[in-house]
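Take these sequences, add in the hints, and give me the full structure.
Protein chains in written order, with my numbering: chain A, 1 to 116; chain B, 1 to 112.
The hints are simulated quantities; they were obtained by calculation from the structure and are not laboratory data.
Note that the coordinates shown come from a computational prediction; the quantities given were computed from them, not determined experimentally.
One or more of the hints may lead you astray.
As the list claims (entries may be wrong) - Subject to a maximum C-alpha distance of 30 Å in a straight line, what follows is the list of computed DSS-like cross-link-like pairs (lysine-lysine):
id, chain 1, residue 1, chain 2, residue 2
1, A, K58, A, K69
2, A, K108, B, K57
3, B, K71, A, K49
4, B, K69, B, K57
5, B, K65, A, K108
6, A, K49, B, K57
7, B, K65, B, K18
8, A, K78, A, K49
9, A, K69, A, K108
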Amino acid sequence: AQSVTQLDSQVPVFEEAPVELRCNYSSSVSVYLFWYVQYPNQGLQLLLKYLSGSTLVKGINGFEAEFKKSETSFHLTKPSAHMSDAAEYFCVVSDRSGGGADGLTFGKGTHLIIQP
Amino acid sequence: EAQVTQNPRYLITVTGKKLTVTCSQNMNHEYMSWYRQDPGLGLRQIYYSMNVEVTDKGDVPEGYKVSRKEKRNFPLILESPSPNQTSLYFCASSLAGNYGYTFGSGTRLTVV
Chain A
1 AQSVTQLDSQ VPVFEEAPVE LRCNYSSSVS VYLFWYVQYP NQGLQLLLKY
51 LSGSTLVKGI NGFEAEFKKS ETSFHLTKPS AHMSDAAEYF CVVSDRSGGG
101 ADGLTFGKGT HLIIQP
Chain B
1 EAQVTQNPRY LITVTGKKLT VTCSQNMNHE YMSWYRQDPG LGLRQIYYSM
51 NVEVTDKGDV PEGYKVSRKE KRNFPLILES PSPNQTSLYF CASSLAGNYG
101 YTFGSGTRLT VV
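Below, the structure is given as structure tokens:
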């Protein structure tokens, strides 16, 4: 079994300021790691994923995340926030041993608020 | 266009009246899942399916049923809906776990 903790329920940042959304996970098996974004009144969109290899992964819209195994963390960052980044962000894990067939375990989400 | 289609998008029903939320994907994906989203709780998995006729419970299966008779369809059935099943529901599918999942647009269900 695995679990995901998103340390902040909401993060306010000023436009053009850097963004960091924090995520820690726990699992007894190896996992795939994902970040999904949900814009208001829409479904979920895959932002980026870590499968293996380079621990720094780049996603869409200028976001990136770094996998730190020793810290069991997968924090999401962006150098400069835009108003269009305002959304709910979910850190997600999937059981690698099962090939991801049994679906995803979600964190509770972080609401990113962009202030002008 | 590759997509996961859920219907209906919005549904208001009364307690105890059986309903079905349909989910269809056109990507030939083997894996499909249902989730419910509630404020402060994030998304929780209801049921998942690894292939035709293969389904299993997720974290919150009580009060729900699913079937997977064809690869493309994965309907969610509420035999006797109750107000605590009022929620936003998402269907998702994946070719393989390392591809990530593609989500439908959601079904907002209200049970009164």
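Quick rundown of the hints versus the structure:
Simply put, K58 (chain A) and K69 (chain A) have alpha-carbon atoms about 17 Å apart, close enough for the 30 Å limit, and the pair holds. Only pairs whose Cα atoms come within 30 Å are accepted, and K108 (chain A) paired with K57 (chain B) is accepted, the gap being roughly 20 Å. Only pairs whose Cα atoms come within 30 Å are accepted, and K71 (chain B) paired with K49 (chain A) is accepted, the gap being roughly 26 Å. At most 30 Å may separate the alpha-carbon atoms for a hinted pair to count; K69 (chain B) and K57 (chain B) meet this at roughly 17 Å.
Taken as a hint, the K65 (chain B) and K108 (chain A) pair is honoured in the structure, with Cα atoms around 24 Å apart against an allowance of 30 Å. Restraint check: the Cα-Cα separation between K49 (chain A) and K57 (chain B) comes to about 25 Å, which is no more than 30 Å; the hinted pair holds. Annotation: proposed proximity of K65 (chain B) to K18 (chain B) holds, straight-line Cα distance about 11 Å (limit 30 Å). This hinted pair checks out: K78 (chain A) and K49 (chain A) have alpha carbons roughly 15 Å apart, not beyond 30 Å.
The hinted pair formed by K69 (chain A) and K108 (chain A) meets the criterion: a straight-line CA distance of about 21 Å does not exceed 30 Å.
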